[in-house]
Amino acid sequence: MSLPNYPAAPQLQQLLGERYVAAPERVERYEVLERGPRGHTGAVLLPQTEAEVQQILRLCNAQRTPLVISGGRTGLVEAQRPLGEPVLSLERLNRPLSLTLADGREFVWPAEAASGDAARDALLAWWTALGQPDAEGATVTVQTGLAVDALNDLLRPLNRMFPMEMGSSSAATVGACAANASAGSNAVCYGTSAHMTDTAWGFWGNGEPAGPCRSTPWTAPDPQRFAINSAQIDPAWGLIGSQGAFGIITRLRLRTYAIPAQREAALIPVADMVGAMRILDAARGRFGADVEEFEFISRSAMALVRALHGEAFRLPFAGDVDSPLFLLLQIKSADADADLAAALYEFLAGDLALPDEQIGYAPLAALKKIRHSITEASNARMRALGGGRLSFDTATPLAGFGEYLDAMRAELQRAAPDTELVAFGHAGVGGAHLHVLGSADRPVSAVGKTLTRLVIDVTLAHGGSFSAEHGIGSKWADEYLAHTPSEQLQTIKALKQAHDPHNILNPRSFGFDRLLAA
Amino acid sequence: MKALVSVKRVVDYNVRVQVKSDGSGVITEGVKHSMNPFDEIAMEEAVRLKEKGKLTEIVAITIGGAKNEETLRSALAFGADRAIHIKEEGDVQPLTAARAFAAALKKEGAQVFFAGKQAIDDDANQTGQMVAALLDIAQATFASKVELDGGKAVVTREVDAGLETLEVDLPAVITTDLRLNEPRYLKLPDIMKAKKKPIETVTFADLGVEKGAALTISKTSAPPKRSKGIMVKTVDELVSALKSKGLV
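Chains A and B, in that order, are what the protein sequence lines are.
At position 147 of the first sequence the residue is numbered 147 (the UniProt record's numbering), and the sequence of numbers has no breaks.
At position 233 of the second sequence the residue is numbered 233 (the UniProt record's numbering), and the sequence of numbers has no breaks.
Hints were generated in silico from the structure; no laboratory data involved.
These numbers come from a predicted model, not from an experiment.
Glycine included, each C-beta is placed from N, C-alpha and C at the ideal position.
Treat the hints with caution; some may be incorrect.
[Stated by the list, open to error] Computed Cβ-Cβ distance ranges for the label pairs, DEER-style: (1) A:Gly137 x B:Ala161: 35 to 41 Å; (2) B:Glu147 x A:Lys369: 30 to 36 Å; (3) B:Ala161 x A:Ala365: 29 to 35 Å; (4) B:Ser218 x A:Arg156: 23 to 29 Å; (5) B:Asn14 x A:Gln232: 34 to 40 Å; (6) B:Val232 x A:Asp234: 50 to 56 Å; (7) A:Asp121 x B:Leu247: 23 to 29 Å; (8) B:Leu163 x A:Phe313: 23 to 29 Å; (9) B:Thr234 x A:Arg35: 38 to 44 Å; (10) A:Ala125 x B:Thr234: 54 to 60 Å; (11) B:Lys20 x A:Arg35: 44 to 50 Å; (12) A:Leu97 x B:Gly65: 53 to 59 Å; (13) B:Gly65 x A:Arg156: 25 to 31 Å; (14) B:Ala161 x A:Glu34: 42 to 48 Å.
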């Protein structure tokens, strides 16, 4: 096998053996992204120990070989797109390591039961032998490449969860989520995955050990400040939330959360986002931290979901309710006997004075199916229209989110009336996903720069961020360099120079290739 | 025409059931419960038949402790006209349940007894058949289509060979299968209104039924672990592997 022309290629192959993958048919999937143009690479590195990750970094630093880091390959900002660099995939570092109860009792997964049913059964047997004690406060330590769903399969028997709820949770890895401070649809209740991470360990880009890096648990955000904003890295958190800019997370201790005994949800039609945010305030006032989700869905998003599911789709209203926006409010209770449905009804019909026909009630799974189908529905519509899509992931502090989103929707409609805007997202934390779909006659490529400029200008004018929770990657590097205050740029440049001086990791993310050269 | 519909409170189908550490059963405390999904289908069918004018009254019935009232409230929210709660704390086995339902059916003078084909907690699939046997009336189980016509019911049921259509004289027992219908979403306002409706409470003694225990559960255990699969490269290898395990 001929080796790609990476300076470190011979040593990397020697280190990894058959886990140095260069066969084109096996490399191909690392070149294709969830969104964005395809990349190209000649090799994929598959370390299976933390020591191997460190050795790879040291070799690559010595040989000045940049790397692109790959987690669950669900990222949306092209950070993992290789342009010739080897791909360092963390997929083999996917073992659960230990679970620790609040009183210090610890279960260590044996090597022979480190995955799937065997891992779950081993943990359950240990917990059962202890008499199935309350696992409140338990933490779980895992390797970085464990998928979110796989982790939850392990925790579920103990009535615990890692509450990172998103459509890609079967593939998304806990390490990548923590590194990116990803926010699920329940971020209003649990915060981002960075908040769910107690401690992270790994290596800086120069190969030196990193950690313990610690984040802080989630608390309801000050309405005047960002709840989510991945255009701003908190240097105090180290590897957590730093989007792989300075180092690689290889191991994490994660907080676990009680699976609620009950959940109830309803779909609420609202005329505008300003009104929606008043409903959030009212819901918080009544249910406090038991508001588990507060999402918004635009009329167009709902229409696409309806088209996607066809006759199987049922809008959960008595009649055919139409509305510019819908809210998905989900509440929870730890008390299995609480009358949560009654509490929800009192809120909707009493506090909000909603008429019965405006209360969209259905089994939770049916409502969640609507929310989690939007991306798939948008993809289907994009293919049908054939004019491409511009995707934005923006945020503002909660206090201004309603005005911001109403203004954004109006501005986009005015500037590009021939496009379709699909808006949805995490209203509870001030996050919006905006998809602008073109048509074959009027592809978005023709107006891409203008609309991108518009979205960013409107967002910044409302004190917002052009990257809520998807990260910066290379997709938003230009905007990051253009709109980040110079003192912040100097801070992250200094961090980069300290921890990854040769810009080995994801070299184009954040525009480090240019920032370091400046 | 009146229908009696049995509705059972079970651990919600979304809950991953855990076996108690002493193997005496599964954990039900602190776990969400809801109406047995097959009974929801039975309720839905009864309501649809009433909407078509084929039934004039739907009476929901359940057996169990105080918490079972929730399940009857759900049935009322579905559209049941009345609800009967046979109050009994503790486990009730299928034969006892069937005796109670048979007595209630007789007392109510209902022409149809609807029930889910089985409950998802014990998967016994016995009660409906036992009710029919105890009353010596017709039964049409695993219904995937139901038509009521005068004194008869025409019931299509899915069997291994395809679809079988039965015509049975009423009164009859009809148990409902998954594909009979898709239950409607209950409306939150209807759930709230149902909370205010009266529920008739009776006991086994009122029905002249003695609680029995024909079955003894000796042990409850989690399903056996699946052994790791093996990959074979050719059909010959597959056949050979199956033969070595005595499967072909």
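Here's how the hints hold up against the structure:
1. A:Gly137 x B:Ala161: 35 to 41 Å: violated, 57 Å
2. B:Glu147 x A:Lys369: 30 to 36 Å: Hint holds: Cβ distance 32 Å, inside 30 to 36 Å.
3. B:Ala161 x A:Ala365: 29 to 35 Å: holds, 34 Å
4. B:Ser218 x A:Arg156: 23 to 29 Å: holds, 27 Å
5. B:Asn14 x A:Gln232: 34 to 40 Å: The hint (34 to 40 Å, Cβ to Cβ) holds, given that Asn14 of chain B and Gln232 of chain A are roughly 38 Å apart.
6. B:Val232 x A:Asp234: 50 to 56 Å: Holds, at about 52 Å.
7. A:Asp121 x B:Leu247: 23 to 29 Å: holds, 25 Å
8. B:Leu163 x A:Phe313: 23 to 29 Å: Since the Cβ atoms of Leu163 of chain B and Phe313 of chain A sit about 28 Å apart, the hinted range of 23 to 29 Å holds.
9. B:Thr234 x A:Arg35: 38 to 44 Å: For Thr234 of chain B and Arg35 of chain A the Cβ distance comes to about 40 Å; the hint holds.
10. A:Ala125 x B:Thr234: 54 to 60 Å: violated, 38 Å
11. B:Lys20 x A:Arg35: 44 to 50 Å: With Cβ atoms ~47 Å apart, the hint holds.
12. A:Leu97 x B:Gly65: 53 to 59 Å: Violated - the Cβ-Cβ distance for Leu97 of chain A and Gly65 of chain B, about 43 Å, lies outside 53 to 59 Å.
13. B:Gly65 x A:Arg156: 25 to 31 Å: holds, 27 Å
14. B:Ala161 x A:Glu34: 42 to 48 Å: holds, 46 Å
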